[in-house]
Amino acid sequence: MDAEEIISSKEWSELNASEKEMLSDLVADEQEYNLLKKIMQVSAEMPDTVPAVNPSVQQSLVDVMKPVRSIKPWYRLAVAAAVVLFTAGLIFIILRKETKEPVMVKTLPSIQKDPVQPLVKTIPPDTSVNEMVVADATIKSPTRNPVVKKHIPVKEPALVFKNLQTDLSADSSLLAFVSEVY
Amino acid sequence: MKENAALYKLESDEWVAGRAAEGSVAAFNELYERYGQKLFSYFFRMLWNNKELAEDCTQELFLKVIKHGKDFDVNRKFSTWFYSIAHNMCKNEYRKAEVKAKYQPVKTPLSVADTEKNSDLQRFRKALTDLLDRMAEEKKQLYVLRFEEQLSVPDISQVMNIPEGTVKSRIFYLLKEMKEQLIGFKTLHIYP
Chain D
48 MDAEEIISSK EWSELNASEK EMLSDLVADE QEYNLLKKIM QVSAEMPDTV PAVNPSVQQS
108 LVDVMKPVRS IKPWYRLAVA AAVVLFTAGL IFIILRKETK EPVMVKTLPS IQKDPVQPLV
168 KTIPPDTSVN EMVVADATIK SPTRNPVVKK HIPVKEPALV FKNLQTDLSA DSSLLAFVSE
228 VY
Chain G
136 MKENAALYKL ESDEWVAGRA AEGSVAAFNE LYERYGQKLF SYFFRMLWNN KELAEDCTQE
196 LFLKVIKHGK DFDVNRKFST WFYSIAHNMC KNEYRKAEVK AKYQPVKTPL SVADTEKNSD
256 LQRFRKALTD LLDRMAEEKK QLYVLRFEEQ LSVPDISQVM NIPEGTVKSR IFYLLKEMKE
316 QLIGFKTLHI YP
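Residue numbers (our numbering), protein chains in the order written: chain D, 48 to 229; chain G, 136 to 327.
Read the hints as simulated data drawn from the structure, not as lab findings.
Don't take each hint at face value.
As the list claims (entries may be wrong) - Beyond 10 angstroms from chain D on every Cβ pair, some chain G residues (computed):
hint	residue
1	Asn164
2	Gly171
3	Ala189
4	Lys212
Stated by the list, open to error - Under the rule of at most 25 angstroms between Cα atoms (straight-line distance), these lysine-lysine pairs were calculated in the DSS-like manner:
hint	chain 1	residue 1	chain 2	residue 2
5	G	Lys186	G	Lys235
6	G	Lys202	G	Lys235
7	D	Lys67	G	Lys321
8	D	Lys85	G	Lys261
9	D	Lys85	G	Lys314
10	G	Lys275	G	Lys226
11	G	Lys274	G	Lys311
12	D	Lys67	G	Lys311
13	G	Lys321	D	Lys57
14	G	Lys226	D	Lys57
15	G	Lys303	D	Lys67
16	G	Lys173	D	Lys85
17	G	Lys274	G	Lys231
18	D	Lys113	G	Lys144
19	G	Lys144	G	Lys202
20	G	Lys274	G	Lys212
21	G	Lys274	D	Lys84
22	G	Lys205	D	Lys85
23	G	Lys212	G	Lys199
24	G	Lys261	G	Lys205
25	D	Lys84	G	Lys275
26	G	Lys303	D	Lys85
27	D	Lys113	G	Lys205
28	G	Lys173	G	Lys274
29	D	Lys85	G	Lys275
30	D	Lys57	G	Lys314
31	G	Lys199	D	Lys113
32	G	Lys311	D	Lys85
33	G	Lys199	D	Lys85
34	D	Lys84	G	Lys314
35	G	Lys202	D	Lys113
36	G	Lys303	D	Lys57
37	D	Lys57	D	Lys85
Keep in mind that this is a model prediction, so the values were computed, not measured.
Backbone N, C-alpha and C define an ideal beta-carbon position, used for all residues, glycine too.
Turn these sequences into a full structure, and let the hints steer you where they fit.
Put into structure tokens, the structure is as follows:
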């Protein structure tokens, strides 16, 4: 038993010689011993003199806890599903946009006016090939993005066929074959 | 599912704290009932009898239990863990006060004893409170934990992170110092 325990549990008159010897460094007489007892007794009562804690402290803490409690697994799953759907939708829109880039095709003015015309003009073997042009397959509808960012120059078809004509006349057997096919 | 508050009354602090950390309001309320006023009282005594500051600290401490309660080591005693956090929070407040004191003097709020006059017991309490306010931080904490909160020596050892033997010897010297400071009251009969 140490000094503090002795003081709190015993009266001065109850102390034996060895206990008094043990306490000699701390107390000189009965009055000092009783003073220490008073200090301990009053100290133990000190918390009773403290005002009560405001009930709003507990309430605010409970309020903090409530939102934490309401998050349930199904709610988390719903949030995850929404995120996945949104991402998938975004990817779909981006891919679709990429495939809808406008294609520049040179068309004849006459074809533009009358879309029923054949797509490719047939050229008889003896006709000048300079007139051969590829027409647009469909009627031009207004595009979503009418502004063409980059103009790709169309190579003059006549030049290609001019070369072909030269080559054909050079090779008589090939000319005969082509004539037969036509 | 409605929680049965009565269920928690029979459980240990450690178990109730675990449920509170998981989000059980009933468990939290039980824990607050056990420690709310105790911790507030501790802060109030430690922090210059400042009610607002003590309430703020109490709130902050319980918030830590809500947020970090899962980190609590179940092998430790909950009350010791709780007081350890409170002890460190007080240390922080002392540091803040030191910085503040450099620029403006700290106003000590009126203690309860100031408003109550005359009786010997009130005079003795006032003297004790004044003595406590003048004490060094470590001594004050030791005094409040041992003589006001009535924590055991092993618990204080864990809270203050010092060996048990050191706690015992510090208590001895603390009592000696208090007796010398309050020697004027030795003839006073405040208890039968």
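Hint by hint, here is what the structure shows:
1. Not every CB of chain D lies more than 10 angstroms from the CB of Asn164(G), the least distance being 7 angstroms, so the non-interface label is violated.
2. A Cβ of chain D approaches the Cβ of Gly171(G) within 10 angstroms, the least distance being about 6 angstroms, so the stated non-interface status is violated.
3. Not every Cβ of chain D is farther than 10 angstroms from the Cβ of Ala189(G); the closest lies at roughly 8 angstroms, contradicting the non-interface assignment.
4. Once the 10 angstroms rule is applied to beta carbons, Lys212(G) is consistent with being away from chain D; the minimum gap is 20 angstroms.
5. Restraint check for Lys186(G) and Lys235(G): the C-alpha separation of about 18 angstroms stays at or below 25 angstroms, so the hint holds.
6. Distance hint between Lys202(G) and Lys235(G) is unfulfilled; the C-alpha atoms sit about 30 angstroms from each other, more than 25 angstroms.
7. For the suggested pair Lys67(D) and Lys321(G), the alpha carbons sit about 18 angstroms apart, so the restraint of at most 25 angstroms is met.
8. Between Lys85(D) and Lys261(G) the CA atoms are separated by roughly 13 angstroms; this keeps the pair inside 25 angstroms, and the hint holds.
9. This hinted pair checks out: Lys85(D) and Lys314(G) have alpha carbons roughly 10 angstroms apart, not beyond 25 angstroms.
10. Pair hint Lys275(G) plus Lys226(G) holds up; C-alpha atoms about 11 angstroms apart against a cutoff of 25 angstroms.
11. Of the supplied pair hints, the one linking Lys274(G) and Lys311(G) holds, its CA atoms being roughly 12 angstroms apart against a limit of 25 angstroms.
12. Between Lys67(D) and Lys311(G), the direct Cα distance comes to roughly 15 angstroms. Compliance with the 25 angstroms bound is thereby established for this hinted pair.
13. Distance restraint check for Lys321(G) and Lys57(D): the Cα-Cα separation of roughly 18 angstroms lies within the 25 angstroms cut-off, and the hinted pair is therefore satisfied.
14. For the suggested pair Lys226(G) and Lys57(D), the alpha carbons sit about 35 angstroms apart, so the restraint of at most 25 angstroms is broken.
15. Under the criterion of a C-alpha separation no larger than 25 angstroms, the hint pairing Lys303(G) with Lys67(D) is consistent with the structure, at around 18 angstroms.
16. A threshold of 25 angstroms between alpha carbons decides the hint, and for Lys173(G) with Lys85(D) the separation of about 22 angstroms falls inside it, so the pair holds.
17. Distance check on the hinted pair: Lys274(G) and Lys231(G) sit about 19 angstroms apart at the alpha-carbon level, within 25 angstroms; holds.
18. Distance restraint check for Lys113(D) and Lys144(G): the Cα-Cα separation of roughly 21 angstroms lies within the 25 angstroms cut-off, and the hinted pair is therefore satisfied.
19. At most 25 angstroms may separate the alpha-carbon atoms for a hinted pair to count; Lys144(G) and Lys202(G) meet this at roughly 22 angstroms.
20. A threshold of 25 angstroms between alpha carbons decides the hint, and for Lys274(G) with Lys212(G) the separation of about 23 angstroms falls inside it, so the pair holds.
21. Restraint check for Lys274(G) and Lys84(D): the C-alpha separation of about 19 angstroms stays at or below 25 angstroms, so the hint holds.
22. Among the hinted pairs, Lys205(G) with Lys85(D) is inconsistent with the structure: their alpha-carbon atoms are about 42 angstroms apart, more than 25 angstroms.
23. A threshold of 25 angstroms between alpha carbons decides the hint, and for Lys212(G) with Lys199(G) the separation of about 16 angstroms falls inside it, so the pair holds.
24. Proposed proximity of Lys261(G) and Lys205(G) is contradicted: the alpha carbons are some 42 angstroms apart, above 25 angstroms.
25. About 18 angstroms separates the Cα atoms of Lys84(D) and Lys275(G), which keeps this hinted pair within 25 angstroms; it holds.
26. Straight-line distance between C-alpha atoms of Lys303(G) and Lys85(D) comes to about 20 angstroms, which keeps the hinted pair within the 25 angstroms bound.
27. Between Lys113(D) and Lys205(G), the direct Cα distance comes to roughly 17 angstroms. Compliance with the 25 angstroms bound is thereby established for this hinted pair.
28. With a C-alpha separation of about 19 angstroms, the suggested pair Lys173(G) and Lys274(G) falls inside the 25 angstroms cut-off, and the hint holds.
29. For a cut-off of 25 angstroms, the pair hint linking Lys85(D) to Lys275(G) stands: about 18 angstroms separates their Cα positions.
30. At most 25 angstroms may separate the alpha-carbon atoms for a hinted pair to count; Lys57(D) and Lys314(G) meet this at roughly 18 angstroms.
31. Taken as a hint, the Lys199(G) and Lys113(D) pair is honoured in the structure, with Cα atoms around 16 angstroms apart against an allowance of 25 angstroms.
32. With a C-alpha separation of about 13 angstroms, the suggested pair Lys311(G) and Lys85(D) falls inside the 25 angstroms cut-off, and the hint holds.
33. For the proposed pair Lys199(G) and Lys85(D), the alpha carbon gap of about 37 angstroms is over 25 angstroms, so the pair is violated.
34. A hinted pair counts as satisfied when its Cα atoms are at most 25 angstroms apart, and Lys84(D) with Lys314(G) qualifies at roughly 10 angstroms.
35. Distance check on the hinted pair: Lys202(G) and Lys113(D) sit about 13 angstroms apart at the alpha-carbon level, within 25 angstroms; holds.
36. For the proposed pair Lys303(G) and Lys57(D), the alpha carbon gap of about 19 angstroms is at most 25 angstroms, so the pair holds.
37. Taken as a hint, the Lys57(D) and Lys85(D) pair is honoured in the structure, with Cα atoms around 13 angstroms apart against an allowance of 25 angstroms.
Violated hints for the displayed structure, listed by number in ascending order: 1, 2, 3, 6, 14, 22, 24, 33.
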